[in-house]
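Letter by letter, the chains look like this.
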Amino acid sequence: MSHDHEHSGPPDERALRIKAIESLLIEKGIIDEAAVDELVDIFEHRIGPKNGAKVVARAWVDPDYKARLLENGTAAIAELGFSGVQGEEMTVIENTATVHNMVVCTLCSCYPWPTLGLPPSWYKSAPYRSRVVIEPREVLSEFGYDIPDDKEVRVWDSNAELRYLVLPQRPTGTEGWSEEQLAEIVTRDAMIGTNVVPSPDQTHGASL
Amino acid sequence: MNGVHDMGGMQGFGPIEIDQGYAPFHSDWERRVHGVLCIFAINGYFNFDDSRYAIERMGNAEYLTTPYYEHWLAGLEIVAIEKGVLTKEEIEARKEELREKGEPLYG
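Chains as they are written, first to last, in my numbering: chain A, 1 to 208; chain B, 1001 to 1107.
To be clear, the hints were calculated from the coordinates, so they are not data collected in a lab. Keep in mind it's a predicted model, so treat the numbers as computed, not measured. From the three backbone atoms N, C-alpha and C, an ideal C-beta is built for every residue, glycine too. Please note that a few of the clues may not be correct.
Said to hold, decoys possible - Only part of the chain A face toward chain B is listed, based on derived beta-carbon distances under 10 Å: (1) 64; (2) 66; (3) 106; (4) 126; (5) 194.
Start from the sequences, fold in the hints, and give me the full structure.
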């Protein structure tokens, strides 16, 4: 099978550098190639925001679970089977009618891997990291959420030990929905706090 | 350590380029950087604090002008050398071998 990059000049310097490091580490018995393959597959295909959406949906339908989630995020999230690297210490912060929460890692890219997977590029970018702590309302507007002036915004700066998950407000128009239906509408951005979960009434343009 | 990576409140980086969907990697070299660094750490040779601290020492100008996984790649190389696992010379020698072979690296 041929590949495009066979015909595109010299190999990428970064590809050479990681291939050199990887092949040396394999030869020295320090890492196993199959373990690297497996880990990449997990992050690319088996974890992601769908995990966090299940946590949020459970909290929306089960008040006891929600109470446990806000009291001890790590343990309550582990009840649904999500735990491990970069999710060892989880705090869940609840959006309410008067307070909107947002999460950033100003220093780098700390993010709750077990519940959201790996972060999108914008989360790791200089513009988001620099701006969200000084002009969160403008940032929210760029993501499509025009937050009311009288709603408080709280920005949480993650670190290596502590990661945050935002519990968005359950939108109107979802009364009587099942947990599975609710999980379908919870978005990654809503769990980072750069947006809200829209009401299905708005989504379908059928608001009264 | 105080440095350019401490970006909270800085100005002048412009608008946020918002990417939708779940696409953590954009090329094979990014996949391998993520996988190799994680397995190397999981196997006990260093922790994520070590690699983050290494990234913070990659140099401010390079930090600001390179994409995210180049930060990881720079951190990985620094950690591998500082932990005594690899030398800069053997990494460079292996790169030359791979370059001369001219075979596809990934894909």
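Hints, verified against the model:
Nearest Cβ of chain B to the Cβ of residue 64 of chain A: about 30 Å, over the 10 Å cut. The hint is violated. At a threshold of 10 Å, the smallest CB-CB gap from residue 66 of chain A to chain B is about 26 Å, leaving the interface hint violated. Hint on residue 106 of chain A holds. Least Cβ distance to chain B is approximately 3 Å, under the 10 Å limit. Using the Cβ-Cβ criterion of 10 Å, the hint placing residue 126 of chain A at the interface with chain B is satisfied: the shortest such distance is roughly 4 Å.
Hint status for residue 194 of chain A: holds, given a least beta-carbon distance of 8 Å to chain B, under 10 Å.
Checked against the numbered hints given earlier, the structure breaks hints 1, 2 and satisfies all the rest.
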